[in-house]
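Heads up: the sequence shown at position 187 corresponds to 187 in my numbering, and the numbers run straight through without jumps.
Have a look at the derived ranges for each label pair, beta carbon to beta carbon: (1) A161 - P262: 41 to 49 Å; (2) E95 - S191: 29 to 37 Å; (3) R179 - E257: 29 to 37 Å; (4) V87 - T205: 30 to 38 Å; (5) D75 - V287: 39 to 47 Å; (6) V258 - S89: 20 to 28 Å.
Pairs of lysine-lysine, BS3-like flavour, derived with a Cα cap of 30 Å: (7) K187 - K88; (8) K39 - K141; (9) K39 - K101; (10) K42 - K92; (11) K86 - K130; (12) K101 - K85; (13) K98 - K57; (14) K130 - K219; (15) K202 - K187; (16) K156 - K219; (17) K88 - K141; (18) K101 - K88; (19) K57 - K39; (20) K187 - K130.
Treat the hints as calculated values from the structure; they're not laboratory data.
Nothing here was measured: the structure is a model prediction, and the numbers come from that model.
Heads up, the beta-carbon is just placed ideally off N, CA and C, and yes, glycines get one too.
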Amino acid sequence: MPRFRHERPGCPAAGEMAVGRIPYFLNRKQYMITQEQLKETKERVEALNHYLDIDAKVIQLEEEQLRTQAPGFWDDAKRAEEQMKKVKSLEKWIEGYKSVKLLADELELAFDFYKDDMVTEEEVDEAYGKAVTEIEELELKNMLRQEEDSMDCVLKINSGAGGTESQDWAQMLMRMYQRWAEANGHKVTISNLQDGDEAGIKSVTMQIEGGEYAYGYLKSENGVHRLVRVSPFNAQGKRMTSFASVFVSPLVDDTIEVYVDPARVSWDLFRSGGAGGQNVNKVETGVRLRY
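Throw the hints in and build the complete structure from the sequences for me.
As C-alpha coordinates, then:
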(Lines of atoms letter the chains of each structure in order from A and count residues from 1; the text may use other names and numbers.)
(Lines give C-alpha, C1' and ligand atoms only; values in the text may rest on other atoms or scores of the structure.)
Protein backbone atom coordinates (compact mmCIF):
# COMPACT_ATOMS: atom_id res chain seq x y z
CA MET A 1 0.00 0.00 0.00
CA PRO A 2 1.57 3.34 -1.00
CA ARG A 3 2.14 5.98 1.60
CA PHE A 4 0.60 9.31 0.76
CA ARG A 5 -0.76 12.43 2.41
CA HIS A 6 -3.72 14.39 1.03
CA GLU A 7 -4.19 17.87 2.41
CA ARG A 8 -7.53 19.65 1.91
CA PRO A 9 -8.12 23.38 2.36
CA GLY A 10 -8.53 24.11 6.06
CA CYS A 11 -7.77 20.49 6.98
CA PRO A 12 -4.01 19.80 7.06
CA ALA A 13 -2.96 16.19 6.63
CA ALA A 14 -6.60 15.10 6.47
CA GLY A 15 -5.79 11.99 4.46
CA GLU A 16 -2.65 10.82 6.27
CA MET A 17 -2.42 7.03 6.36
CA ALA A 18 -0.45 5.02 8.89
CA VAL A 19 0.33 1.57 7.45
CA GLY A 20 0.17 -1.32 9.91
CA ARG A 21 -1.10 0.80 12.79
CA ILE A 22 -4.29 -0.25 14.63
CA PRO A 23 -6.60 2.71 15.39
CA TYR A 24 -7.00 3.45 19.09
CA PHE A 25 -10.77 3.27 19.02
CA LEU A 26 -10.59 -0.35 17.73
CA ASN A 27 -8.21 -1.40 20.46
CA ARG A 28 -9.85 0.09 23.54
CA LYS A 29 -12.44 -1.47 25.83
CA GLN A 30 -15.97 -0.15 25.52
CA TYR A 31 -17.79 0.98 28.63
CA MET A 32 -21.47 1.73 29.13
CA ILE A 33 -22.53 5.37 28.94
CA THR A 34 -22.53 7.51 32.06
CA GLN A 35 -25.13 9.80 33.56
CA GLU A 36 -23.20 12.78 32.19
CA GLN A 37 -23.39 11.40 28.63
CA LEU A 38 -27.13 10.88 28.99
CA LYS A 39 -27.53 14.44 30.27
CA GLU A 40 -25.44 15.81 27.39
CA THR A 41 -27.58 13.93 24.86
CA LYS A 42 -30.79 15.39 26.28
CA GLU A 43 -29.27 18.88 26.27
CA ARG A 44 -28.33 18.54 22.60
CA VAL A 45 -31.89 17.53 21.76
CA GLU A 46 -33.27 20.54 23.62
CA ALA A 47 -30.78 22.80 21.86
CA LEU A 48 -32.01 21.48 18.51
CA ASN A 49 -35.56 22.28 19.52
CA HIS A 50 -34.46 25.85 20.21
CA TYR A 51 -32.32 26.31 17.09
CA LEU A 52 -34.85 24.77 14.72
CA ASP A 53 -37.78 26.56 16.40
CA ILE A 54 -39.95 23.45 16.06
CA ASP A 55 -43.07 25.02 17.64
CA ALA A 56 -43.05 27.81 15.04
CA LYS A 57 -42.48 25.29 12.26
CA VAL A 58 -45.52 23.26 13.37
CA ILE A 59 -47.72 26.37 13.18
CA GLN A 60 -46.22 27.34 9.83
CA LEU A 61 -46.82 23.82 8.49
CA GLU A 62 -50.51 24.00 9.39
CA GLU A 63 -50.81 27.33 7.58
CA GLU A 64 -48.99 26.07 4.49
CA GLN A 65 -51.14 22.93 4.37
CA LEU A 66 -54.29 25.05 4.48
CA ARG A 67 -53.06 26.93 1.39
CA THR A 68 -52.84 23.64 -0.50
CA GLN A 69 -56.54 23.02 0.15
CA ALA A 70 -57.66 26.30 -1.44
CA PRO A 71 -59.91 26.02 -4.53
CA GLY A 72 -57.96 26.27 -7.76
CA PHE A 73 -54.67 25.47 -6.03
CA TRP A 74 -53.54 23.17 -8.84
CA ASP A 75 -54.49 25.58 -11.61
CA ASP A 76 -50.99 27.05 -11.49
CA ALA A 77 -48.77 23.95 -11.61
CA LYS A 78 -45.50 25.82 -11.04
CA ARG A 79 -46.78 27.70 -8.01
CA ALA A 80 -48.37 24.52 -6.61
CA GLU A 81 -45.08 22.67 -6.97
CA GLU A 82 -43.22 25.37 -5.05
CA GLN A 83 -45.85 25.29 -2.31
CA MET A 84 -45.64 21.50 -1.96
CA LYS A 85 -41.86 21.74 -1.81
CA LYS A 86 -42.19 24.19 1.08
CA VAL A 87 -44.60 21.85 2.89
CA LYS A 88 -42.29 18.85 2.46
CA SER A 89 -39.33 20.85 3.75
CA LEU A 90 -41.20 21.78 6.94
CA GLU A 91 -42.40 18.20 7.40
CA LYS A 92 -38.83 16.94 7.04
CA TRP A 93 -37.52 19.22 9.80
CA ILE A 94 -40.39 18.35 12.15
CA GLU A 95 -40.16 14.61 11.54
CA GLY A 96 -36.39 14.73 11.95
CA TYR A 97 -36.69 16.37 15.35
CA LYS A 98 -39.44 13.95 16.44
CA SER A 99 -37.20 11.02 15.53
CA VAL A 100 -34.31 12.47 17.54
CA LYS A 101 -36.57 13.18 20.53
CA LEU A 102 -37.96 9.64 20.43
CA LEU A 103 -34.49 8.09 20.38
CA ALA A 104 -33.36 10.28 23.29
CA ASP A 105 -36.43 9.23 25.31
CA GLU A 106 -35.77 5.57 24.51
CA LEU A 107 -32.16 6.00 25.64
CA GLU A 108 -33.26 7.50 28.96
CA LEU A 109 -35.76 4.67 29.41
CA ALA A 110 -33.13 2.03 28.64
CA PHE A 111 -30.76 3.67 31.14
CA ASP A 112 -33.42 3.45 33.85
CA PHE A 113 -34.26 -0.14 32.93
CA TYR A 114 -30.59 -1.08 33.24
CA LYS A 115 -30.67 -0.06 36.90
CA ASP A 116 -33.43 -2.64 37.41
CA ASP A 117 -31.53 -5.30 35.39
CA MET A 118 -34.20 -5.28 32.68
CA VAL A 119 -31.77 -4.51 29.81
CA THR A 120 -28.08 -5.21 29.20
CA GLU A 121 -25.16 -2.81 28.79
CA GLU A 122 -25.00 -3.66 25.09
CA GLU A 123 -28.62 -2.60 24.59
CA VAL A 124 -28.02 0.70 26.36
CA ASP A 125 -24.89 1.36 24.27
CA GLU A 126 -26.80 0.50 21.10
CA ALA A 127 -29.57 2.96 22.01
CA TYR A 128 -26.95 5.60 22.74
CA GLY A 129 -25.21 5.04 19.40
CA LYS A 130 -28.48 5.40 17.46
CA ALA A 131 -29.43 8.57 19.32
CA VAL A 132 -26.04 10.24 18.85
CA THR A 133 -25.96 9.36 15.13
CA GLU A 134 -29.39 10.89 14.51
CA ILE A 135 -28.53 13.99 16.56
CA GLU A 136 -25.30 14.57 14.63
CA GLU A 137 -27.08 14.21 11.29
CA LEU A 138 -29.75 16.73 12.29
CA GLU A 139 -27.11 19.12 13.68
CA LEU A 140 -25.25 18.93 10.37
CA LYS A 141 -28.42 19.67 8.39
CA ASN A 142 -29.07 22.59 10.74
CA MET A 143 -25.69 24.00 9.66
CA LEU A 144 -26.75 23.73 5.99
CA ARG A 145 -29.63 26.18 6.22
CA GLN A 146 -28.50 28.66 3.59
CA GLU A 147 -30.85 28.97 0.65
CA GLU A 148 -28.28 27.63 -1.80
CA ASP A 149 -27.20 24.64 0.35
CA SER A 150 -30.07 22.45 -0.82
CA MET A 151 -29.37 23.14 -4.51
CA ASP A 152 -27.56 21.03 -7.06
CA CYS A 153 -24.05 22.15 -7.92
CA VAL A 154 -21.37 22.40 -10.61
CA LEU A 155 -17.94 21.08 -9.64
CA LYS A 156 -14.84 21.89 -11.69
CA ILE A 157 -11.39 20.37 -11.20
CA ASN A 158 -8.21 21.83 -12.74
CA SER A 159 -4.82 20.16 -12.50
CA GLY A 160 -2.09 22.43 -11.18
CA ALA A 161 1.69 22.55 -11.34
CA GLY A 162 3.31 19.15 -11.63
CA GLY A 163 2.51 17.90 -15.11
CA THR A 164 1.48 14.24 -15.26
CA GLU A 165 1.55 13.98 -11.46
CA SER A 166 -1.04 16.72 -11.03
CA GLN A 167 -3.15 15.43 -13.91
CA ASP A 168 -3.28 11.99 -12.29
CA TRP A 169 -4.17 13.62 -8.98
CA ALA A 170 -7.00 15.57 -10.66
CA GLN A 171 -8.40 12.30 -12.03
CA MET A 172 -8.22 10.73 -8.58
CA LEU A 173 -10.25 13.62 -7.20
CA MET A 174 -12.78 13.28 -10.03
CA ARG A 175 -13.30 9.59 -9.28
CA MET A 176 -13.57 10.32 -5.56
CA TYR A 177 -16.32 12.90 -6.05
CA GLN A 178 -18.13 10.63 -8.52
CA ARG A 179 -18.19 7.75 -6.05
CA TRP A 180 -19.29 10.03 -3.23
CA ALA A 181 -22.13 11.42 -5.32
CA GLU A 182 -23.33 7.99 -6.42
CA ALA A 183 -23.17 6.66 -2.85
CA ASN A 184 -25.33 9.58 -1.65
CA GLY A 185 -28.00 9.30 -4.33
CA HIS A 186 -26.78 12.08 -6.64
CA LYS A 187 -26.62 11.96 -10.42
CA VAL A 188 -23.30 12.98 -11.99
CA THR A 189 -23.14 14.42 -15.50
CA ILE A 190 -19.76 15.29 -17.05
CA SER A 191 -20.24 18.32 -19.29
CA ASN A 192 -16.58 18.94 -20.14
CA LEU A 193 -13.51 16.70 -19.89
CA GLN A 194 -9.96 17.34 -21.12
CA ASP A 195 -7.64 14.34 -20.91
CA GLY A 196 -4.04 14.62 -19.79
CA ASP A 197 -1.00 14.23 -22.04
CA GLU A 198 0.10 10.85 -20.63
CA ALA A 199 -2.29 10.04 -17.80
CA GLY A 200 -5.06 11.62 -15.79
CA ILE A 201 -7.00 14.73 -16.80
CA LYS A 202 -6.24 18.42 -17.26
CA SER A 203 -9.71 19.62 -16.29
CA VAL A 204 -13.27 18.36 -15.83
CA THR A 205 -16.63 20.00 -15.19
CA MET A 206 -19.32 17.92 -13.51
CA GLN A 207 -22.95 18.63 -12.68
CA ILE A 208 -24.08 16.93 -9.47
CA GLU A 209 -27.87 16.78 -9.33
CA GLY A 210 -30.58 15.06 -7.33
CA GLY A 211 -30.30 13.88 -3.75
CA GLU A 212 -30.07 16.35 -0.89
CA TYR A 213 -27.71 19.22 -0.06
CA ALA A 214 -25.32 18.62 -2.96
CA TYR A 215 -23.89 22.14 -2.78
CA GLY A 216 -24.11 22.28 1.01
CA TYR A 217 -21.89 19.22 1.45
CA LEU A 218 -19.44 20.07 -1.34
CA LYS A 219 -18.95 23.81 -0.85
CA SER A 220 -16.17 23.18 1.69
CA GLU A 221 -14.16 21.43 -1.05
CA ASN A 222 -13.41 24.78 -2.69
CA GLY A 223 -9.69 25.48 -2.87
CA VAL A 224 -6.37 23.87 -3.75
CA HIS A 225 -5.88 20.19 -2.88
CA ARG A 226 -2.35 18.89 -2.39
CA LEU A 227 -1.08 15.32 -2.62
CA VAL A 228 2.32 14.14 -1.36
CA ARG A 229 3.34 10.61 -2.42
CA VAL A 230 6.07 8.45 -3.89
CA SER A 231 5.49 9.00 -7.59
CA PRO A 232 4.54 5.98 -9.73
CA PHE A 233 5.66 8.00 -12.77
CA ASN A 234 9.17 8.68 -11.50
CA ALA A 235 11.76 5.98 -12.27
CA GLN A 236 13.88 7.06 -9.30
CA GLY A 237 10.96 6.69 -6.85
CA LYS A 238 11.13 10.27 -5.63
CA ARG A 239 8.60 11.84 -3.31
CA MET A 240 6.48 14.26 -5.36
CA THR A 241 3.93 16.96 -4.53
CA SER A 242 0.89 17.47 -6.77
CA PHE A 243 -1.72 20.21 -6.83
CA ALA A 244 -5.28 20.44 -8.15
CA SER A 245 -7.85 23.19 -7.69
CA VAL A 246 -11.54 22.54 -7.07
CA PHE A 247 -14.32 25.06 -7.68
CA VAL A 248 -17.89 24.40 -6.51
CA SER A 249 -20.82 26.67 -7.33
CA PRO A 250 -24.58 26.19 -6.83
CA LEU A 251 -26.70 25.31 -9.82
CA VAL A 252 -29.24 28.12 -9.55
CA ASP A 253 -32.85 27.22 -10.38
CA ASP A 254 -36.02 29.21 -10.93
CA THR A 255 -36.60 29.65 -7.21
CA ILE A 256 -33.97 32.41 -7.09
CA GLU A 257 -35.41 35.83 -7.72
CA VAL A 258 -33.16 38.63 -8.97
CA TYR A 259 -34.46 42.13 -8.25
CA VAL A 260 -32.96 45.17 -9.96
CA ASP A 261 -33.84 48.44 -8.24
CA PRO A 262 -34.46 51.06 -10.96
CA ALA A 263 -33.46 53.82 -8.55
CA ARG A 264 -29.89 52.44 -8.47
CA VAL A 265 -29.51 52.30 -12.26
CA SER A 266 -27.81 55.18 -14.05
CA TRP A 267 -26.79 55.81 -17.65
CA ASP A 268 -23.63 57.68 -18.66
CA LEU A 269 -23.33 58.96 -22.27
CA PHE A 270 -20.02 59.97 -23.89
CA ARG A 271 -19.02 61.73 -27.07
CA SER A 272 -16.32 60.27 -29.25
CA GLY A 273 -13.02 62.03 -29.46
CA GLY A 274 -10.09 62.12 -31.85
CA ALA A 275 -9.28 63.66 -35.19
CA GLY A 276 -11.62 63.77 -38.18
CA GLY A 277 -15.09 62.41 -38.86
CA GLN A 278 -18.50 64.03 -39.03
CA ASN A 279 -19.65 62.70 -35.65
CA VAL A 280 -16.59 63.64 -33.62
CA ASN A 281 -17.61 65.56 -30.48
CA LYS A 282 -21.20 65.80 -31.78
CA VAL A 283 -22.94 62.42 -31.33
CA GLU A 284 -22.92 60.62 -27.97
CA THR A 285 -21.98 57.11 -29.11
CA GLY A 286 -20.41 55.92 -25.85
CA VAL A 287 -22.87 54.43 -23.35
CA ARG A 288 -22.09 53.13 -19.86
CA LEU A 289 -24.63 51.46 -17.58
CA ARG A 290 -23.99 51.71 -13.85
CA TYR A 291 -25.64 49.91 -10.94
